[in-house]
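Undergrad: These are the residues of each chain, in order.
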Amino acid sequence: MSKQASSKVITGTVQNSKNGNVYEHAMMITDAMMETIIQVQNINDDSNAPMQLLIECLALDGVGEVFKLDMHFPFLDIEDHRQMLENFTHGSLWKMKGMFAIGHADEQTTITLVSPDYHSLATEDIPNVKAAFKINGKFHKYRA
Amino acid sequence: MIEQPKRQISERVIQRCETDNTNHFEHCMLMPTATMASFIKIKTVRSYVHPDASLQVCIDCLALNYEADVFELEINYTPHSIIIRDQLLKEFHQGGLMHVQGSYSIDDDDSGVTFTLHDPEYHSVAADEVIDVESLFLKNGSSWDR
Chain F
1 MSKQASSKVI
11 TGTVQNSKNG
21 NVYEHAMMIT
31 DAMMETIIQV
41 QNINDDSNAP
51 MQLLIECLAL
61 DGVGEVFKLD
71 MHFPFLDIED
81 HRQMLENFTH
91 GSLWKMKGMF
101 AIGHADEQTT
111 ITLVSPDYHS
121 LATEDIPNVK
131 AAFKINGKFH
141 KYRA
Chain V
1 MIEQPKRQIS
11 ERVIQRCETD
21 NTNHFEHCML
31 MPTATMASFI
41 KIKTVRSYVH
51 PDASLQVCID
61 CLALNYEADV
71 FELEINYTPH
81 SIIIRDQLLK
91 EFHQGGLMHV
101 QGSYSIDDDD
111 SGVTFTLHDP
121 EYHSVAADEV
131 IDVESLFLKN
141 GSSWDR
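Read top to bottom, the protein sequences are chains F and V. Residue numbering for the first sequence is 1 to 144, as defined by this note's numbering. Residue numbering for the second sequence is 1 to 146, as defined by this note's numbering.
Treat the hints as calculated values from the structure; they're not laboratory data. Any given hint could be a false lead.
[To be verified] Taking lysine-lysine pairs in the BS3-like style, the calculated list, with each CA pair at most 30 Å apart, reads:
| hint | chain 1 | residue 1 | chain 2 | residue 2 |
| --- | --- | --- | --- | --- |
| 1 | V | K139 | V | K90 |
| 2 | F | K68 | F | K95 |
| 3 | V | K139 | F | K97 |
| 4 | V | K43 | F | K97 |
| 5 | F | K68 | V | K90 |
| 6 | F | K95 | F | K138 |
| 7 | V | K43 | F | K68 |
| 8 | F | K97 | F | K138 |
| 9 | F | K8 | V | K43 |
[To be verified] Now the stretches of chain F that chain V is said to cover, found in silico as 3 or more residues with beta-carbon under 8 Å:
| hint | stretch |
| --- | --- |
| 10 | 61-69 |
| 11 | 79-91 |
[What the hints assert, rightly or not] Quick list of the computed label-pair ranges, beta carbon to beta carbon:
| hint | chain 1 | residue 1 | chain 2 | residue 2 | range |
| --- | --- | --- | --- | --- | --- |
| 12 | V | D52 | F | E56 | 39 to 49 Å |
| 13 | V | H93 | F | T123 | 45 to 55 Å |
| 14 | V | Q94 | F | Q15 | 25 to 35 Å |
| 15 | V | L138 | F | Q15 | 20 to 30 Å |
| 16 | V | N76 | F | V9 | 44 to 54 Å |
| 17 | V | G96 | F | Q15 | 25 to 35 Å |
| 18 | F | K18 | V | D109 | 39 to 49 Å |
Every residue, glycine too, gets a C-beta built ideally from N, C-alpha and C.
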């Protein structure tokens, strides 16, 4: 990759690992942020990549509709990794805020929060949030 | 504390025009803090006056995620006056760049995922960032499906 003079943009190439196609890509870290409430569905604790976690979730948009969201924590030390495995149990609820990536390949769209900040919900909000996941997820293809 | 409307659970009926089939389903209305912020490049702007005199401005855009990949985004404004509507039409024009932030909805069905921002705040892109942001849309604009 080469950095252009007087620009924050870095240019390079990206290769699709499935079909081998190579694309030019210009990269700049923007402040694209997303905030939501999530319910943990599955934790992918890859023993080949012990310092990162991929967590599959359901999330709520601004009117309480359910959508599928991934969270990626790529750079964890041992203590953070242990703590997250302890925190992100199946079904647990969290407020999340962080940089988002949107991928689109093979007609599938994925939404991923990268190293988001996370906080637990206020106790009084938990019943309403659980109801939203349960009722609004019931008719959704990603059922809670 | 998340603000709750008095009646949290409503029933919706959707009728498919082609077949007249109807689907009944419940919806639990919850309005959590779900916001999204991004740079956008405007593709088209449409303005409507509905039969009840309400106003709507629909904007189709390209947007950037955090590492500058491009995705499609819709913006929906419901201005409360013609003055505000005209101000939106003046500021949002084809090819224009903006930074937007607001409440989002995500419609994920068999036809794909649609991202919509509702009445977002907007700001022009800082002068020293315009060239970089423009170049990201230019170079990555075809990246939506790869």
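Undergrad: Each hint: holds or not?
TA: Status of each hint after checking the structure:
1. V:K139 <-> V:K90: This hinted pair holds, its Cα atoms lying about 27 Å apart.
2. F:K68 <-> F:K95: holds, 15 Å
3. V:K139 <-> F:K97: holds, 28 Å
4. V:K43 <-> F:K97: With Cα atoms ~28 Å apart, V:K43 and F:K97 stay inside 30 Å; holds.
5. F:K68 <-> V:K90: Violated: F:K68 and V:K90 sit about 36 Å apart, past 30 Å.
6. F:K95 <-> F:K138: With Cα atoms ~21 Å apart, F:K95 and F:K138 stay inside 30 Å; holds.
7. V:K43 <-> F:K68: holds, 27 Å
8. F:K97 <-> F:K138: holds, 25 Å
9. F:K8 <-> V:K43: holds, 25 Å
10. 61-69: Our answer is that it holds, as 7 residues pass the Cβ test (under 8 Å) against chain V, meeting three.
11. 79-91: violated (count 0)
12. V:D52 <-> F:E56: 39 to 49 Å: holds, 42 Å
13. V:H93 <-> F:T123: 45 to 55 Å: Once the Cβ atoms are compared, 47 Å apart, the range 45 to 55 Å for F:T123 and V:H93 holds.
14. V:Q94 <-> F:Q15: 25 to 35 Å: holds, 33 Å
15. V:L138 <-> F:Q15: 20 to 30 Å: holds, 21 Å
16. V:N76 <-> F:V9: 44 to 54 Å: With Cβ atoms ~30 Å apart, the hint is violated.
17. V:G96 <-> F:Q15: 25 to 35 Å: holds, 33 Å
18. F:K18 <-> V:D109: 39 to 49 Å: Hint violated: Cβ distance 25 Å, outside 39 to 49 Å.
Violated hints, in rising order: 5, 11, 16, 18; the structure is consistent with all others.
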